[in-house]
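A.B. asks: Sequence:
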Amino acid sequence: MPDSSTGSPALRVPPGARIETPLCRLAQEIAALAGWRRYGLAFLLGALLAAAMPLPALGSLPPLNLAPVVFIAFPGLLWLDEGSATIWASARLGYVFGLGFFIAGLYWIAAALFVDIGSFWWALPFAVLGVPALLAFWPAAAMLVTAAGSSRLRLPPDARICLFAVAWSAAEWGRGHAFTGLPWNLVGYAWSGGFPGSLAMLQSTAWVGIYGLSFVTVLAASLPALFGTPSLLPLSPLRRMTPVLAAAALILLPAAAGAVRLDLLPTVST
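In this note's numbering, the protein residues as written are -4 to 265.
If you're looking for bench data, these hints aren't it; they were derived computationally from the structure.
Not one of these hints is a red herring.
What follows is a list of derived Cβ distance ranges for each label pair:
#1 THR81 to LEU129: 19 to 29 Å
#2 LEU148 to GLY207: 17 to 27 Å
#3 LEU233 to THR81: 31 to 41 Å
#4 SER114 to ALA154: 49 to 59 Å
#5 PRO261 to ALA80: 50 to 60 Å
#6 GLY176 to ASP111: 22 to 32 Å
#7 ARG147 to GLY125: 32 to 42 Å
#8 PRO178 to SER114: 20 to 30 Å
#9 GLY192 to MET236: 16 to 26 Å
#10 HIS172 to LEU240: 29 to 39 Å
This structure is a prediction, so every number in the text was calculated from the model and none was measured.
Cβ atoms here follow ideal geometry from the backbone N, Cα and C, with glycine treated the same way.
With these hints in hand, go ahead and build the complete structure from the sequences.
C.D. replies: Here you go:
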């Protein structure tokens, strides 16, 4: 039937028909990547996540502290994982993501060797690649647990994201405690770089610790991945915005509580 206002045929969508938004198509294209494109993007997303960390300055360059990039890195990783055929493919994906994250985020270990490079040149490959290659097993374990749990329990997308946040945070805890621990570049540290509102957000560590803040950050950053899931009609505008609203609540509520804490408690400078 023509639309009387435009003279063109009215759009009629059968009940239950799937809608593909631009983000749905993007998610499908990312999930369909294979070979070096798949793992290359995983590596780049991991390196992008490192840009959210308060990394030591390199020469005269200031740290990046780009906390919002977590909202790109984690959805991108989850969309890539949609193309994983087995739980071990998910683990490999997590490993390459972790490799990019730690190579970019731990460059300062190699930089320290240049103080006396003549004596420590032999350690350079271990610092640049060896340490990240070992630490990357933690993100691989997080992806393995997420894939195995999602498959066995037949979790819907939102529950899968919750499991991913739990698995990632547990992997960070393990990395911070096992084998003497290296709790460097925890996702919760993204709020320590001076980004607007970061100080208020950091106050939540008084209640849930840094690993709890990592969990909240990973969960909030991963929820936008739901926009890559095909939706069903009819959906109200409010339901379409649920991932954004939930992510905003996870950030704004702790930040608001932190702002109150900053007002109530004196700040001591030394």
